[in-house]
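Undergrad: Please arrange chain B on chain A, whose structure you already have, making use of the hints.
The lines below spell out each chain.
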Amino acid sequence: MDLSYTPKQDAFRAEVRQWLGEHVPAQRLQSFDTEEGFRQHRAWEATLNEGRWGMVTWPEALGGRSCDLLEWLIFEEEYYRAGAPLRVNQNGIFLLGPTLMEYGTEAQKARILPKMATGEEVWAQGWSEPNAGSDMAAIRSTAEIDGDNYVINGQKTWSTRAVWADWTFGMFRTDPESQRHRGLTFILVPLDTPGITVRPIPQLDGLPGFAEIFFDNVKVPVANRLGEEGAGWSVAMATAGFERGLMLRSPARFQETARRLVELYKENRATADSDPAVKEAVLRAYMDAESYCLSTYQTACRLTQGGKIGAESSTNKIFWSELDQAMHATAMSILGARAELLPHAPDASGVGNWLDGWLFSQSGPIYAGTNEIQRNIIAERMLGMPR
Amino acid sequence: MDFTFSEDQLLFQDSVRDFLANEVTPEKIRASWETQDGRDPALWQQIVEMGLPGITVPEEFGGLGMSELDFILLAQECGYVALPEPLVHTCLVAVPMLQALGGELAAQWLPKIAAGEAKVVVGLEQNLLVEDAHTADLLLIQKGTELFALTPQQVTLRHNESIDPSRKLYAVEFDGSVQPVASGEQATYLVNAALNRGALACAAQSLGLAQRMIDMTVLYTTDRHQFGKPIGSFQAVKHHMANIAVCLEYAKAPVYRAAYAIANGQASASCNVSHAKIVACEAAKLAAKNTIQAHGAMGYTWEVDLHIFMKKSWALANTWGDEGFHKTRVSDYIFAEGAMLGAGNTF
Chain A
1 MDLSYTPKQD AFRAEVRQWL GEHVPAQRLQ SFDTEEGFRQ HRAWEATLNE
51 GRWGMVTWPE ALGGRSCDLL EWLIFEEEYY RAGAPLRVNQ NGIFLLGPTL
101 MEYGTEAQKA RILPKMATGE EVWAQGWSEP NAGSDMAAIR STAEIDGDNY
151 VINGQKTWST RAVWADWTFG MFRTDPESQR HRGLTFILVP LDTPGITVRP
201 IPQLDGLPGF AEIFFDNVKV PVANRLGEEG AGWSVAMATA GFERGLMLRS
251 PARFQETARR LVELYKENRA TADSDPAVKE AVLRAYMDAE SYCLSTYQTA
301 CRLTQGGKIG AESSTNKIFW SELDQAMHAT AMSILGARAE LLPHAPDASG
351 VGNWLDGWLF SQSGPIYAGT NEIQRNIIAE RMLGMPR
Chain B
1001 MDFTFSEDQL LFQDSVRDFL ANEVTPEKIR ASWETQDGRD PALWQQIVEM
1051 GLPGITVPEE FGGLGMSELD FILLAQECGY VALPEPLVHT CLVAVPMLQA
1101 LGGELAAQWL PKIAAGEAKV VVGLEQNLLV EDAHTADLLL IQKGTELFAL
1151 TPQQVTLRHN ESIDPSRKLY AVEFDGSVQP VASGEQATYL VNAALNRGAL
1201 ACAAQSLGLA QRMIDMTVLY TTDRHQFGKP IGSFQAVKHH MANIAVCLEY
1251 AKAPVYRAAY AIANGQASAS CNVSHAKIVA CEAAKLAAKN TIQAHGAMGY
1301 TWEVDLHIFM KKSWALANTW GDEGFHKTRV SDYIFAEGAM LGAGNTF
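Here the protein sequences line up with chains A and B, keeping their order. Going by my numbering, the first sequence opens with residue 1, and the numbers climb by one from there. Going by my numbering, the second sequence opens with residue 1001, and the numbers climb by one from there.
Read the hints as simulated data drawn from the structure, not as lab findings. Hints are supplied without guarantee of correctness; some may be wrong.
Simulated pairs of lysine-lysine, DSSO-like, Cα-Cα distance not exceeding 30 Å [said to hold, decoys possible]:
| no. | chain 1 | residue 1 | chain 2 | residue 2 |
| --- | --- | --- | --- | --- |
| 1 | B | Lys1327 | A | Lys279 |
| 2 | B | Lys1289 | B | Lys1327 |
| 3 | A | Lys279 | B | Lys1289 |
| 4 | B | Lys1311 | B | Lys1028 |
| 5 | B | Lys1327 | B | Lys1311 |
| 6 | B | Lys1327 | A | Lys266 |
| 7 | A | Lys219 | A | Lys109 |
| 8 | B | Lys1289 | B | Lys1311 |
| 9 | B | Lys1229 | B | Lys1289 |
Pulled out of the complex, with its shape left as it was, chain A reads as follows (with noise of 0.2 Å):
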């Protein structure tokens, strides 16, 4: 054990912190959720790549630095550190991406990826449908093959990013008599081809952040396939799977809300001490940041030594999300009667994005596999308690 970085560590985070220092906007982008907003995000996008930082774990060919996940993580803490906007195309690089690399063909690849890591192709992600939530495996939009494509119909919901992205990918099913998990075929979909509808959603503070896709005789070439007919579960199992999961939440953003909500406490300390349950909600908060940030290396350098991640990795999701929720709520506590207020209203002095994050850490318990379900699979797989 040697908790230390190594010079090219350190030399890398270096690096980082200088070009996100001379890059990032000085002014923060408007939500991805707005048109102007998504188009600003787009942008930097654009602007991450030209720099070689958008995925900085893609190999070199592809505009990536071949950063293992140790450099992947000192990258997001200086992300976060210099607040750097949110990643608008997140379900493209750090999802599809890696699998994409995984199970494409080199025509897939050189199709899709470049225009992935410009931000010239926006992604969506298209899992749930209105009846396959949880129960993934429930679903009901078919792809049938005719010819040189497949011909989809059917619906998709919870599409987040759906409303401006140029492509949705997702799982169909290609066999009408299979059951479940079987006969389940990923497909890519550019999001303009003629039957498709695209139906908003607005989310907790209005915006659009998701959608509905409706597929009304949607032809795509069957080229568009993602791994082999009938695969389809496996490979999204992959797109799942937890080193996507490790770079979709990676530590530092927590940490970085950490310390916010201690600075916001210390400005706030003569009215937030009122309630005494505050100072040791921030303290927890501090604490479980650094807790997620530790796991996260042990678990980060046994991967990057060959070491295989094992079913405690479903803890992971639970204890981010429900860490997220209970920093937002401190600091709705500490912000008291101004907790409500948009910041833009008039006496809404000094409430930051408290609200917004509040919000969003409303989701977080929810999306990619409910708590309740992340539940079940720690204690059936991983304690090995009985179905």
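TA: Frame of chain A; chain B shown alone:
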């Protein structure tokens, strides 16, 4: 950056785990409750034969010269079996204190510890009482800003019964005319170092205790049937258990980080230890709370072994610095002017 244990460290853990699993059974623990001093000389002899008391003793004094970090996984295993013998505190608290005191004391006592010929305990004012004072051959006792090295002949012991029958606690009184072995700043430094190591020892054992309670309860809820099914198949029971697993999983890395900080003399050690103790003891307490619930009425009995581990968990949570003490230390750290918090400041 390498946050993993070495092959050797993991192998050592495996062999100690196997040894303890065979030798420190709940039946033997219960048997030790019936003895005069609550300790099992035959078991201690086996521990000595494995070389365990000398793990952290420097090689020049006949030990293995290993660090707190080398011992931390073993401490966890001692927790897993709720080992009543004072091995963990010998290795993590008494030996480092003697080593820091140096001189005649170290030269005289460290070889005896390594050879299994003597037991040494440390008593701090932070702790109300001294653990295992009754079987100690040397007692290192804090009084204010002074530290005393006392033989059994120099002290009067007053036994205090704990709810955990394996814990033997004593008030230690001695004649004020004895000369201290350290005083002032040196004593304060030694006391703080011992407190950190003692707290780390509690944290590591708590990880093991939590895991033991999970394992016992997974077995119980698989065997026990109600409504025609194993009760472990019910989500309400599963979620109780999953909550412990989450809490325990995220308590481990802080404990290992604290062990590393101590072994490497890092400035952040006190805060790291307090963080570790808070979260590890919480994991054990949550395990106790949720596993007694999963056991139903059986969990409330003397007969079922669960209470061996629950009671130890409860006790460890408030010794070597209670929760308030450790929370205050972490909060002093994070609320200090110029504290380096946030991403990139963990290591």
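Undergrad: Would you mind marking each hint as holding or not holding in the structure?
TA: Hint check results:
no., hint, verdict
1, B:Lys1327 with A:Lys279, "10 Å, holds"
2, B:Lys1289 with B:Lys1327, "21 Å, holds"
3, A:Lys279 with B:Lys1289, "25 Å, holds"
4, B:Lys1311 with B:Lys1028, "17 Å, holds"
5, B:Lys1327 with B:Lys1311, "22 Å, holds"
6, B:Lys1327 with A:Lys266, "17 Å, holds"
7, A:Lys219 with A:Lys109, "21 Å, holds"
8, B:Lys1289 with B:Lys1311, "11 Å, holds"
9, B:Lys1229 with B:Lys1289, "23 Å, holds"
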